[in-house]
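**Q** Each chain, letter by letter, is given below.
Number of protein chains: 2
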Amino acid sequence: MQEVINYIESNQQNYIEELKEFLKIPSISTSIEFKDEVNRCANFVSSKLKDAGMSRVEIFKTEGHPLVYGEWLGAPGKPTVLIYGHYDVQPVDPIDLWDSPPFEPVIKDGKIFARGATDDKGQVFMHIKSVEAFFKVEGSLPLNVKFIIEGEEEIGSESLEPFINQHLDLLKCDTVLISDTALYDVGIPTLTYGLRGLAYMEVEVTGPQRDLHSGTFGGAVGNPINVLAEIIAKLHDKNGRVTIPHFYDNVLSLTKKEKENFKLLKFSEKKFAKELGVAELTGEKGFSSLERTWVRPTLDCNGIIGGFTGQGAKTVIASKATAKISMRLVPNQDPAKIANEFTKYIKKITPKTVKVKIQNLHGAYPVLIPLNDHSTVAATKAMEKAFGKKIVFIREGGSVPIVTSFVKKLKAPTVLMGLGLNTENLHSPNEHFNLNHFRLGIISSAYFMKEYSL
Amino acid sequence: MQEVINYIESNQQNYIEELKEFLKIPSISTSIEFKDEVNRCANFVSSKLKDAGMSRVEIFKTEGHPLVYGEWLGAPGKPTVLIYGHYDVQPVDPIDLWDSPPFEPVIKDGKIFARGATDDKGQVFMHIKSVEAFFKVEGSLPLNVKFIIEGEEEIGSESLEPFINQHLDLLKCDTVLISDTALYDVGIPTLTYGLRGLAYMEVEVTGPQRDLHSGTFGGAVGNPINVLAEIIAKLHDKNGRVTIPHFYDNVLSLTKKEKENFKLLKFSEKKFAKELGVAELTGEKGFSSLERTWVRPTLDCNGIIGGFTGQGAKTVIASKATAKISMRLVPNQDPAKIANEFTKYIKKITPKTVKVKIQNLHGAYPVLIPLNDHSTVAATKAMEKAFGKKIVFIREGGSVPIVTSFVKKLKAPTVLMGLGLNTENLHSPNEHFNLNHFRLGIISSAYFMKEYSL
Chain A
1 MQEVINYIES NQQNYIEELK EFLKIPSIST SIEFKDEVNR CANFVSSKLK DAGMSRVEIF
61 KTEGHPLVYG EWLGAPGKPT VLIYGHYDVQ PVDPIDLWDS PPFEPVIKDG KIFARGATDD
121 KGQVFMHIKS VEAFFKVEGS LPLNVKFIIE GEEEIGSESL EPFINQHLDL LKCDTVLISD
181 TALYDVGIPT LTYGLRGLAY MEVEVTGPQR DLHSGTFGGA VGNPINVLAE IIAKLHDKNG
241 RVTIPHFYDN VLSLTKKEKE NFKLLKFSEK KFAKELGVAE LTGEKGFSSL ERTWVRPTLD
301 CNGIIGGFTG QGAKTVIASK ATAKISMRLV PNQDPAKIAN EFTKYIKKIT PKTVKVKIQN
361 LHGAYPVLIP LNDHSTVAAT KAMEKAFGKK IVFIREGGSV PIVTSFVKKL KAPTVLMGLG
421 LNTENLHSPN EHFNLNHFRL GIISSAYFMK EYSL
Chain B
455 MQEVINYIES NQQNYIEELK EFLKIPSIST SIEFKDEVNR CANFVSSKLK DAGMSRVEIF
515 KTEGHPLVYG EWLGAPGKPT VLIYGHYDVQ PVDPIDLWDS PPFEPVIKDG KIFARGATDD
575 KGQVFMHIKS VEAFFKVEGS LPLNVKFIIE GEEEIGSESL EPFINQHLDL LKCDTVLISD
635 TALYDVGIPT LTYGLRGLAY MEVEVTGPQR DLHSGTFGGA VGNPINVLAE IIAKLHDKNG
695 RVTIPHFYDN VLSLTKKEKE NFKLLKFSEK KFAKELGVAE LTGEKGFSSL ERTWVRPTLD
755 CNGIIGGFTG QGAKTVIASK ATAKISMRLV PNQDPAKIAN EFTKYIKKIT PKTVKVKIQN
815 LHGAYPVLIP LNDHSTVAAT KAMEKAFGKK IVFIREGGSV PIVTSFVKKL KAPTVLMGLG
875 LNTENLHSPN EHFNLNHFRL GIISSAYFMK EYSL
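If you read the sequences in order, they're chains A and B. No gaps in the numbering here: position 347 of the first sequence is 347 in my numbering, and each next residue is one more. Each number in my numbering comes from the position in the second sequence (counting from 1) with 454 added on.
Please note that the accuracy of each hint is not assured.
[Claimed, not checked] DMTMM-like mimics (lysine to aspartate or glutamate), calculated; alpha carbons at most 20 angstroms apart, straight line:
| id | chain 1 | residue 1 | chain 2 | residue 2 |
| --- | --- | --- | --- | --- |
| 1 | A | K337 | A | E158 |
| 2 | B | K809 | A | E280 |
| 3 | B | K802 | A | E280 |
| 4 | B | K809 | A | E275 |
[What the hints assert, rightly or not] Away from chain B, derived, C-beta distances all over 12 angstroms, residues of chain A:
| id | residue |
| --- | --- |
| 5 | E37 |
| 6 | V106 |
| 7 | Y193 |
| 8 | M201 |
| 9 | E341 |
| 10 | A412 |
Since the hints were made in silico from the structure, they are not lab data. A virtual CB, placed ideally from N, CA and C, is assigned to each residue, including glycine.
The shape of chain A in the complex, shown without the other chains (with noise of 0.2 angstroms):
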């Protein structure tokens, strides 16, 4: 085993280099202009799992973007892991706010900048890179691996679920190996056993048929701007609580373990507030910043447009203003029901002088995972010696969607090993990886293979 580490870490910057090629592909899977660029960057992905020794390498083709999937079974009586990851990117705008091009990798200060470097390109090329150092040192893997990279995590993995459903066989596995999660601080293992879901909504509210003068108009109908602001602005209480109702209904409160368990943690809640910029944190009354990040539901505007939003000044009363709201969701609420409710409320509170129309633009169910299966006491182990230093448990704000369809449909835990670090810019600009934690990530998940073999 001791080769396998030593490989990995005499071929580091081999595999920087590799990365950055991955990085300079386009992958914005939300942006129909990018389609090409998705399919290139699934070409590459194959090519890269061919290459680490994969005996069977193929890509699917999807109504979305193509999966690629990758085995090598060439370990009878030893367990399975299915390892998930993504290789579409988020979105680059505001491109003015970046440092460099976001498609032009660039190391600075141990890290590399560019998008996908944290999520999820730099995570998913860890276990390709493990992978390869067994092939290379041994000439095998000390057991059976798959994986499954797909296109479409960030617009809602729609093309993977039916997917699934159509190839349970050939995904049966042991265990799902993630890392798509962050660290809970530099150079600190960490597994992550809760995933907040989401219910992602687009509201359109529409006023007078037509763009209106403001002066000659202005005060005698409906400004879909203003009702839109107001509908916004019902949406949570003085509290900070979310006003839908039944939104509270099925939500688990937190164990006394759990508790203690992030007393341990030392978060700062001044740290956080200086990192973030802002004078004053905010959020449900009651509650610290980690539990309102991890363990409370949410809802956020993500976006609003409406009427003149060029330089200077138009006095205009615009036809229609849209937002897109999302509601982060935490076991046991079910997203489908949330955007149910979500919408009946809107409806609800919309008045006459308007229309309103709401799509659910997509939903992801939240995720509690058990701590005491095989795979996740192997994963203890694996990244304690990778970092050779005691690990810590936490829970994750975000989603990754696809977490449930595998426990539900595969039977198998999960295991998330996230590298990523909270501060690296995902879906902002500068987004960047941790070339140290990309080291780690790699070592982390070639002794995952090992011990989950035994």
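Got chain A; can you put chain B on it based on the hints?
**A** Chain B only, in chain A's frame:
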């Protein structure tokens, strides 16, 4: 006089062709990229004034867009009328809602469609053509005429104000004639005696110092879009009244005589709602739509933007969100005082979880014009002759910011002889101008010069 009218009647087709050339110039004053076109438009107006017969025509450069001045002072002992108008136009977005390109004039059903058709190029052109008709038929005008046609009306007439101060002699006159308002209805001769003022503000809310992942951070940090929505929602109470302290302090009530006049107009709320395509009208409780748009001050969002506004879903919490918010003012509200109260109130209601920046983009005083002046009497006779109908007296919800300056600086009464219609989509896609009103406007202008010279 009949010969002048006959000349005007027989030259309609030429006038329309010339107006088309005027409308083809995209003189959008708010957009820096159209600066050259604005200049080209000033040259066009200048050449048309020369062709019409004005003895002195001059383009005055300003810090913004140029002013076009013209004069003919060949009637000593007769009064002098200063004709004001503007050659700049509003932006064209949303461009995809135009049935034909905004700067390629099209005639359909007796209307000419183009940006600026009714606001204000078509109306400016009426006076140039009435002057021309006098020169062609009689070789002279019945009174002294000055023109001042500006290129910044749509962005607050910032250069005209200092120009007036510096050129009080040049602009000296007995009355100011302006056609930049609307007829009460198709074919109804109308004089406007009241205009609303304006305070146009921009509010920018900044939350976290960078865009954040809404999963990882959602629920624990002030979301600038949600906060901005809450601020906007707080600007009205449940009766549709603006909540800014001292907002209504100086608002004049409608006189009994005005109330009676309004009743004579037989305004149909139902027709108004239908024309706007809304199921229900709304506004300040206890007032009719005419009162809401003519006599009561209001507050409207003219634009809002923040976060992800493209197709699909992006799970982001934006760093910034911005709204343009304007208030229509009525006598005797003061735009500077109102802007100040607005700024104080927004600062007061903004939570400490975000930063707020407030800009005053521009302001305009409200106006009330006395109806017993010689110029108003002459305008009444002129329009009644041209239209062959009894005139109506109305107010108007929009602003012609410069009217106050004329009244205050030049000590001259003002005639608001507007030939537009509020249904002509000014500031909206598919702006147009009724060509019969264009014709009647040229005739009204000619009769006014005659009547006012007597």
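**Q** Now, for every hint given, state plainly whether the structure supports it.
**A** Structure-based check of all given hints:
no.	hint	result
1	K337(A) with E158(A)	holds (18 angstroms)
2	K809(B) with E280(A)	holds (10 angstroms)
3	K802(B) with E280(A)	holds (16 angstroms)
4	K809(B) with E275(A)	holds (16 angstroms)
5	E37	holds (16 angstroms)
6	V106	holds (18 angstroms)
7	Y193	holds (16 angstroms)
8	M201	violated (9 angstroms)
9	E341	holds (18 angstroms)
10	A412	holds (23 angstroms)
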